[in-house]
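Sequence lines, in order, name chains A and B.
Reading the first sequence from the start, the letters are residues 1 to 149 in our numbering.
Reading the second sequence from the start, the letters are residues 1 to 497 in our numbering.
It is worth saying that the hints were derived from the structure and are not from the lab.
Note that the structure is predicted; figures quoted are calculated from it, not measured.
Any given hint could turn out to be false.
Stated by the list, open to error - Pairs of lysine-lysine residues, derived as DSS-like cross-links and limited to a Cα-Cα distance of at most 27 angstroms, are as follows:
hint: 1; chain 1: B; residue 1: Lys61; chain 2: A; residue 2: Lys41
hint: 2; chain 1: B; residue 1: Lys61; chain 2: A; residue 2: Lys86
hint: 3; chain 1: B; residue 1: Lys65; chain 2: B; residue 2: Lys489
hint: 4; chain 1: B; residue 1: Lys362; chain 2: B; residue 2: Lys438
Said to hold, decoys possible - Where chain B lies over chain A, by a calculated footprint (3+ residues, C-beta under 8 angstroms):
hint: 5; segment: 65-72
hint: 6; segment: 75-82
hint: 7; segment: 98-104
hint: 8; segment: 119-128
For each residue, glycine too, the CB sits at the ideal point set by N, CA and C.
Now for the letters of each chain:
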Amino acid sequence: MHSNLRFWSMVPPALAVCFFQVAAAHHSTAEFDYTKQVTIKGTVKEVQWTNPHSYIQLLTGEGADTVQWSVEIGSPSLNINMGWRKNSVKPGDVVTMNLSPARNGKPYGTLRVLTFADGQQLEGVAAKIKGFPAAPPTAPTAPPAPKGP
Amino acid sequence: MNLRYRCYLLLCVTALAACVSRPADVTSSPGRPDALLGTWVPDAAPRALLTSAGAQPPLSKDAAKTYTQRRQRLAAGDASFDPTTWCAGPGMPRILTMPNAFEIRRDGDRLAFIHDWYRWFRVVDLTPGEVEPPLPLTMGFPVGHWEANTLVIRTVGLIDATVMDASGMPHSEQLKLTERLRVLPDGRLEDRITVDDPETFTQPWETVLTFHRDGAAHVADDVCPDRIARGESAESVTALARTGGAVKKSAVPPPTPAADAKPLAASPMFSGIWEPKTFGFMVPDAPLSKAGQDIVDRNAEAMKGGHIMQTAWTSCRPGAVSTMTMPREKIVILTASDEITLLFEMPRMVRRIRLNASHPAKLEPGYVGDSIGHWEGGTLVVDTLGFNGYAELDARGQPTSAQLHTVERFTPSADGAGIDIETTVTDPEYYSKPFVIKRAWKRSAARHPFEYDCMENPRQEDFENAYYIRERYRPTCMRVEGEGAALSKVVCRKAEK
């Protein structure tokens, strides 16, 4: 499994797109814009620790301005090798997430760095892909409009 | 030294040598483990597990509440708490409660349970020592040992997203299963299971499942999403209820070895757990025919337009070709005199290579095809026909047709640490001439493979901007995120008429 991590660290972006497209099953990094970064802060609603990819559903904003973000966080086996455990993030946790957003403009992205309230961090697979250095968390930006119908 | 003493000494030395040279081989005694091998079908596929005394399991207060709610949902026609309804992994012990057959195969200190439900298998390690699961899986991390004629399997590391049975009995990740398997005097297989989960049950409890042999049953290549697409049930228990308890039998009898087949010794050079040396997700320089090039160009155009290409792999219907070109993670090889069995973690697949056999005269097309093998010196040569044409060679979506014919040559290294594989691909519909793909595997120190549950989380986003190479690859089920506090749920489409 550790060879996976070495593999990821060496994958150049163009190949990573192809790799995700087929090998990582359902998912494609063609969905995400790696030249952009968004930082959001909110409360974890749900953690889907699943294949082919795990997700964190994050609620940002309040009341009528609440937005649900879907943040892809890699697969369980890859995450284990990056220091995650299934209960590393739990519903109710307040976290800040630096991510590469989806190209379609929806509240959807792939995780670079997750920061807990106490400053501890967890990296996403996206932070490991060569050519896309992880950016330090910045002040949360305004979320895009909620998902359309 | 008198003769009696010499004989006694010789006996002791011989016994000691036997112990030293074969410490783990307790399987050769008459009536022992090999009696468990073969294909079994359930006597009854219980929808709801009961204790061996016929009582309700001792659920804790919270678990009982969850269970009651699920039974009420089930009565109202909602079984969505059960991941098998969208073709995700049943897990343990759920898969043993399904009406499907399973086969037990052995290779040295490794047993494999190969189930007739969507290519699931579990590998039991019989070497000493406990296991510390690095992450929970649906099938867990089973280890076993023999107690007289009984195989004892202890399983930990089970993910809590699965259910114990079709009625929705819950369990937590503290679940520990201890199975005691033996062949009863009447020839049936008994699996006496102790369930220990202090988070879900007030005390450990035991249930008993029994299985029988059926010459007409065999473990086939089952692709669950295709069954949903045909309007059938993903979870065959419903079908069982409709048929009054009849166990599914295969329509196609298992192929038989050629009449002149000679028993061949298993090969320790192949047995074990392997992993690819590199992940080869591209097949460069394939001699595409015009028809093949047209498809690849079409795929490239779609990807350039920002679409996400959906292939057999991404639609969780990979074919054997995917294991030839793009295997990832662990590969378990079981060798026997009649069959080499390849269990792939990712994509999850069971490939069977019948040794010294012939292809059936009438070959039903499928994803894995029909593989026969023979030895040429130390090289295993595998000939595969009978593909259904639903498979791509690589990430560019280079196509295959039902005319595909592959010949793989598996050559182990002299030290047994690696295997080189050369696959000759012939497919006149899409390629102008045969060509060779080279791959290499290295031996793994792992005791278990992990698992890849491709259908576990079919996220809606993955299909929103998709380009489907084939209509068949359209999703059968999708996870839809809940608005506000509502949690997500997986919704399956109705079959198209």
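Exercise. Check each numbered hint against the structure and report the violated ones by number, ascending.
Key: 1, 4, 8
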